[in-house]
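K.L.:
Each chain is listed here by its residues.
Protein chains: 4
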Amino acid sequence: MLTIGIDIGGTKVAAGVVDEEGTILAQALRPTPADRPDQVAETVADVVRELSADRQIEAIGVGAAGFVDETRSVVRFAPNLAWREEPLQKKITELVGLPVVVENDANAMAWAESKFGAGRDQDHIVCITVGTGIGGGLIFDGALYRGRWGMGAELGHMQVVPEGKKCGCGNLGCWEQYASGNALVAHAREISTATPERARILLELAGGSIEGEEVTEAARQGDEACLEAFASLAEWLGQGMADLAAILDPGCFIVGGGVSRASDLFLDRARDSFQRRLTGRGHRPFAEVRLAELGASAGLVGAADLARQR
Amino acid sequence: MLTIGIDIGGTKVAAGVVDEEGTILAQALRPTPADRPDQVAETVADVVRELSADRQIEAIGVGAAGFVDETRSVVRFAPNLAWREEPLQKKITELVGLPVVVENDANAMAWAESKFGAGRDQDHIVCITVGTGIGGGLIFDGALYRGRWGMGAELGHMQVVPEGKKCGCGNLGCWEQYASGNALVAHAREISTATPERARILLELAGGSIEGEEVTEAARQGDEACLEAFASLAEWLGQGMADLAAILDPGCFIVGGGVSRASDLFLDRARDSFQRRLTGRGHRPFAEVRLAELGASAGLVGAADLARQR
Amino acid sequence: MLTIGIDIGGTKVAAGVVDEEGTILAQALRPTPADRPDQVAETVADVVRELSADRQIEAIGVGAAGFVDETRSVVRFAPNLAWREEPLQKKITELVGLPVVVENDANAMAWAESKFGAGRDQDHIVCITVGTGIGGGLIFDGALYRGRWGMGAELGHMQVVPEGKKCGCGNLGCWEQYASGNALVAHAREISTATPERARILLELAGGSIEGEEVTEAARQGDEACLEAFASLAEWLGQGMADLAAILDPGCFIVGGGVSRASDLFLDRARDSFQRRLTGRGHRPFAEVRLAELGASAGLVGAADLARQR
Amino acid sequence: MLTIGIDIGGTKVAAGVVDEEGTILAQALRPTPADRPDQVAETVADVVRELSADRQIEAIGVGAAGFVDETRSVVRFAPNLAWREEPLQKKITELVGLPVVVENDANAMAWAESKFGAGRDQDHIVCITVGTGIGGGLIFDGALYRGRWGMGAELGHMQVVPEGKKCGCGNLGCWEQYASGNALVAHAREISTATPERARILLELAGGSIEGEEVTEAARQGDEACLEAFASLAEWLGQGMADLAAILDPGCFIVGGGVSRASDLFLDRARDSFQRRLTGRGHRPFAEVRLAELGASAGLVGAADLARQR
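Protein chains in written order, with the numbering used here: chain A, 288 to 597; chain B, 288 to 597; chain C, 288 to 597; chain D, 288 to 597.
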């Protein structure tokens with residue numbers, strides 16, 4: 288029994304036919320009509336038609352960044368695509384004539400990792416997606432947890448510093464201002480401005496345009512500023528995991544997202560930071576801290592699999 | 288079908304026969320043998336014998352402060368009674384010959400409130416017990432959430448101030464250092480020392496010994512210092528609820544515990560603080576903030592009912 | 288014996304002939320050639336010529352925002368006018384043939400207040416200029432304190448929140464991010480976005496464009512959001528004064544700058560906050576917290592008087 | 288012309304005859320009558336009589352921990368010796384018939400370092416005494432700065448963490464809770480409890496009783512926990528220096544006190560932290576960060592020299 292998973296990103300719509308083992312049998316890609324958010328449903332329909340031409344498809348799972356309502360039908364608010372109360376399920380169903388479920392993309396990713404990836408032996412999982420911001424997905428007793436209105440697991444918006452750095456969400460001191468990819472790059476830039484002699488490798492590599500790739504590469508070559516920025520990210524990641532463990536006592540954390548490709552530069556220290564900061568340490572086991580396994584297609588695979596559960 | 292619920296506190300063991308509607312049919316009380324923690328099981332057995340003399344009892348539910356393991360059998364660590372890896376279930380079962388389950392007391396209270404109290408119309412509940420510290424209980428999809436090892440919902444130990452006030456758990460800046468009854472009293476004491484002219488009512492009432500009751504009474508009479516301490520508690524309570532809502536998106540919060548008896552002095556402001564601080568406000572409903580309804584017997588009732596689920 | 292004081296602002300150059308009692312005998316004004324910072328010296332010379340046409344002038348004192356070097360000659364760095372190592376003294380002296388001293392504008396203001404204004408009976412003064420940012424001036428043993436390189440009294444850049452809000456200076460958590468006019472307006476805007484119902488008066492008054500005047504007026508009319516923003520400013524102002532008193536033990540604080548025109552909305556609470564937070568309170572006198580008296584011409588008068596001391 | 292300097296500590300009274308070059312010509316020592324604070328003056332008189340038996344002594348300078356009033360006569364409050372409004376000058380003068388001045392001990396130390404020690408080529412000095420707490424002394428334009436009521440330079444009580452760790456002074460988040468010797472030891476203990484495997488060297492050395500010496504020795508042998516505690520002290524020391532430089536723009540910092548004997552373990556990093564955190568860096572020189580030179584006798588020498596200035 289096959290389903291199609293769709294991952295709607297800011298620049299492209301990735302789609303795949305997925306079987307019950309989480310294997311992708313076929314893929315297709317379209318550019319996201321970002322300036323016409325009302326056209327996204329048609330793009331999805333188009334790619335579904337291509338992929339379902341010669342296959343029996345049971346249902347469609349769509350993953351998108353933003354708040355998705357508890358009926359898995361409507362995107363209430365999406366920062367990237369300027370959606371407000373977008374009835375995505377209804378639009379796509381009308382176009383393709385198949386059952387559709389809509390999911391938050393980080394939830395979809397978490398589900399894929401829990402079923403087919405790093406968490407397949409675990410029942411209580413906190414999945415942390417460290418990209419430009421921080422997203423999350425929660426697996427409790429083997430099921431995806433969505434919250435009362437489908438808006439749970441916005442892990443990046445716990446406050447970790449009272450009156451701290453301004454966040455895009457309007458609040459101050461959110462976790463993602465200290466432990467995300469954007470925080471990492473901002474930190475490295477700050478150090479390189481303040482004390483350029485500590486950022487020689489970075490400044491040489493980047494030539495004025497410091498982005499995540501340059502920070503990672505410079506850190507690997509021993510740049511002091513970038514190593515410090517990664518160390519700070521790791522400490523804050525551990526702090527957030529300690530907070531989440533106090534609340535949720537998961538069996539494992541799974542760290543994914545774009546920044547996790549540089550896990551050699553921060554994951555050991557994040558684990559150490561978590562263990563030093565966990566309340567009740569000494570009287571309880573430590574949750575494992577694992578790296579995500581499925582890479583960039585996790586969202587697509589997870590959405591496809593969640594479409595089976597209607 | 289009747290069960291007995293037991294609430295093991297630092298000073299007394301409260302027990303009650305509870306029916307399926309959560310009604311207490313009979314009660315009994317014993318002093319806790321606090322200096323002989325190994326004797327607690329016998330005290331429990333004793334009270335069970337008394338209560339079960341003329342009734343058919345199906346099972347026993349025991350609530351205790353501390354980390355209870357995921358099999359609901361062993362108290363791994365209890366600060367009040369100096370228990371370490373105490374096999375409470377085994378001991379009591381051997382003494383009374385009935386099935387026994389052990390639960391964390393805040394979990395038991397949360398369960399009672401969710402089934403028979405303030406949350407009976409809700410499926411996703413975060414229960415916050417504001418006493419000397421802060422405890423918690425989580426109800427997800429109508430079931431009690433315990434975490435992988437039974438240690439979830441230690442809500443009081445989220446860090447809210449980096450490098451903040453020292454907590455009894457060994458960490459710095461835990462939530463319960465800012466929003467619990469102990470925090471309230473400490474705060475009022477500090478203000479009264481620093482600026483006695485703002486604490487005239489309190490100082491007159493307390494005559495040197497400032498405890499929670501004096502702080503509450505003085506606040507009701509308009510004492511500036513105590514009103515400020517309650518305002519601070521309310522703001523921090525709201526901040527913590529905003530953090531928990533970002534993670535868990537509950538339908539409601541239930542605030543209980545000893546401090547909640549003074550809810551007129553802080554609950555409205557805590558709700559307001561929560562709403563001002565919630566990430567994504569404007570694009571999502573606000574969880575309700577409700578007062579617990581079952582009072583001091585919630586723990587006993589919850590433990591009794593949880594004993595039905597084996 | 289007369290001197291001329293000049294206050295170089297971002298939009299206008301204000302000049303005045305000042306006698307030994309601090310009285311302004313004549314004034315003149317020119318627009319600042321802000322897009323031609325190298326022309327400022329000529330504007331100053333022009334206004335000096337006008338004012339000295341029929342008077343005997345002994346020296347010129349120039350006040351400017353920015354870091355002025357310890358010889359009172361060179362503006363090393365001025366954010367508003369894009370000056371770097373600007374030899375202002377030399378340029379003006381060459382043009383007008385009179386002795387010239389250059390001073391930081393907040394230092395000049397502090398000096399005027401200490402000699403002719405709110406601090407004339409005091410020898411140890413910390414002057415706090417609360418405008419868009421926070422500037423300062425220090426009077427120790429009756430003399431202006433400049434520091435080793437003339438860069439002392441940058442009071443707005445003490446860190447008060449570790450990893451706090453980003454400051455224009457590149458650091459995080461500077462005092463002026465919490466207690467300046469800009470902080471006030473930002474805070475009021477945030478509350479009005481988060482909970483518009485608490486900012487009804489402000490939103491009606493401001494009609495979309497919230498600036499300092501609207502926040503002040505709305506606070507006076509009882510707007511909840513604006514009162515909260517002022518309360519926060521007052522608390523932080525008091526905290527900073529407590530820190531400065533721990534270090535400097537002044538006899539008084541003088542609060543000036545544009546925001547001080549709304550002193551009825553924050554000064555009492557700032558004083559109270561200072562007294563609650565002062566280390567060693569109970570064993571030491573409290574420094575007075577006074578309002579500046581000389582208004583907008585303080586900078587000009589102070590610069591003129593400092594020109595007498597060469 | 289000779290004077291006698293006295294350093295009243297918690298356990299011993301150290302005295303010395305000092306010449307105008309700051310050389311100690313003779314010394315004497317007595318135990319402090321700590322349980323009879325009213326007897327301290329007699330102990331001082333006794334040691335003065337011994338040292339002045341065969342010399343012409345002009346005056347006596349007494350250094351003591353605590354708040355000393357602006358007339359240099361009365362100790363208003365001393366935490367160690369339970370003094371309140373102790374008229375030390377009057378008492379000692381009556382007993383020995385010589386002029387007496389009383390000084391805060393950290394001020395005396397700072398004066399000695401500025402005149403005979405690490406700061407003899409400097410006019411603007413901030414002296415930081417890192418011992419169990421943090422004391423300070425300020426030299427401005429070559430003179431000791433005392434503040435309006437003699438209580439300046441309580442540097443350890445700047446707040447660096449809002450609502451941070453409780454300080455003995457009653458406030459929260461004081462600098463000395465993060466950068467003093469006590470903070471160092473507390474930090475090392477915390478890490479060794481949380482993660483004993485990172486503190487193996489320390490735990491072996493200390494055998495249960497962890498104090499400053501063990502932390503220092505273990506750090507020198509590479510103990511991870513102790514190195515982390517020193518790194519944290521260094522970072523916070525640098526932050527405090529950056530705050531002080533924003534306010535005071537000194538030409539140099541002098542770091543003394545008991546912890547400075549381990550300067551190899553933190554001073555380079557403290558300097559680096561200071562430079563990274565200084566506001567306006569890039570547009571101003573960096574103050575030097577120097578080690579104190581005079582060791583434990585600095586207080587005695589400074590008090591003796593200050594007695595010359597009456």
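FYI, nobody ran anything at the bench for these hints, they're computed from the structure.
Be aware that one or more of the hints could be misleading.
Identical copies carry no separate label here, and so any pair may be met within one copy or between two of them.
Simulated crosslink set (SDA-like; lysine to any residue; CA at most 20 Å straight-line) [stated by the list, open to error]:
id, residue 1, residue 2
1, Lys299, Gly457
2, Lys453, Arg563
3, Lys453, Asn469
4, Lys453, Glu372
5, Lys453, Gly569
6, Lys453, Arg568
7, Lys377, Arg487
8, Lys453, Ser519
9, Lys377, Ser584
10, Lys453, Arg371
11, Lys453, Gln562
12, Lys377, Gly499
13, Lys377, Phe573
14, Lys453, Gly567
15, Lys299, Ala430
16, Lys377, Asn469
17, Lys453, Gln508
18, Lys453, Asp341
19, Lys299, Leu554
20, Lys378, Thr419
21, Lys453, Thr482
22, Lys378, Glu498
23, Lys453, Thr419
24, Lys402, Thr419
25, Lys299, Pro483
26, Lys453, Glu329
27, Lys453, Thr298
K.L.:
With reference to the structure, classify each hint as holding or not holding.
P.N.:
Verification of the supplied hints:
no.: 1; hint: Lys299 - Gly457; result: neither (27 Å within a copy, 35 Å between copies)
no.: 2; hint: Lys453 - Arg563; result: between (27 Å within a copy, 15 Å between copies)
no.: 3; hint: Lys453 - Asn469; result: both (13 Å within a copy, 14 Å between copies)
no.: 4; hint: Lys453 - Glu372; result: neither (26 Å within a copy, 33 Å between copies)
no.: 5; hint: Lys453 - Gly569; result: between (36 Å within a copy, 18 Å between copies)
no.: 6; hint: Lys453 - Arg568; result: between (32 Å within a copy, 16 Å between copies)
no.: 7; hint: Lys377 - Arg487; result: neither (54 Å within a copy, 38 Å between copies)
no.: 8; hint: Lys453 - Ser519; result: both (18 Å within a copy, 17 Å between copies)
no.: 9; hint: Lys377 - Ser584; result: neither (25 Å within a copy, 48 Å between copies)
no.: 10; hint: Lys453 - Arg371; result: neither (23 Å within a copy, 30 Å between copies)
no.: 11; hint: Lys453 - Gln562; result: between (28 Å within a copy, 18 Å between copies)
no.: 12; hint: Lys377 - Gly499; result: neither (38 Å within a copy, 47 Å between copies)
no.: 13; hint: Lys377 - Phe573; result: neither (44 Å within a copy, 26 Å between copies)
no.: 14; hint: Lys453 - Gly567; result: between (31 Å within a copy, 14 Å between copies)
no.: 15; hint: Lys299 - Ala430; result: neither (29 Å within a copy, 39 Å between copies)
no.: 16; hint: Lys377 - Asn469; result: neither (35 Å within a copy, 46 Å between copies)
no.: 17; hint: Lys453 - Gln508; result: neither (31 Å within a copy, 29 Å between copies)
no.: 18; hint: Lys453 - Asp341; result: neither (50 Å within a copy, 55 Å between copies)
no.: 19; hint: Lys299 - Leu554; result: neither (29 Å within a copy, 47 Å between copies)
no.: 20; hint: Lys378 - Thr419; result: neither (29 Å within a copy, 50 Å between copies)
no.: 21; hint: Lys453 - Thr482; result: between (24 Å within a copy, 18 Å between copies)
no.: 22; hint: Lys378 - Glu498; result: neither (37 Å within a copy, 43 Å between copies)
no.: 23; hint: Lys453 - Thr419; result: both (15 Å within a copy, 19 Å between copies)
no.: 24; hint: Lys402 - Thr419; result: neither (25 Å within a copy, 41 Å between copies)
no.: 25; hint: Lys299 - Pro483; result: neither (37 Å within a copy, 36 Å between copies)
no.: 26; hint: Lys453 - Glu329; result: neither (36 Å within a copy, 42 Å between copies)
no.: 27; hint: Lys453 - Thr298; result: neither (26 Å within a copy, 30 Å between copies)
In this structure, the hints that do not hold are numbers 1, 4, 7, 9, 10, 12, 13, 15, 16, 17, 18, 19, 20, 22, 24, 25, 26 and 27, in rising order.
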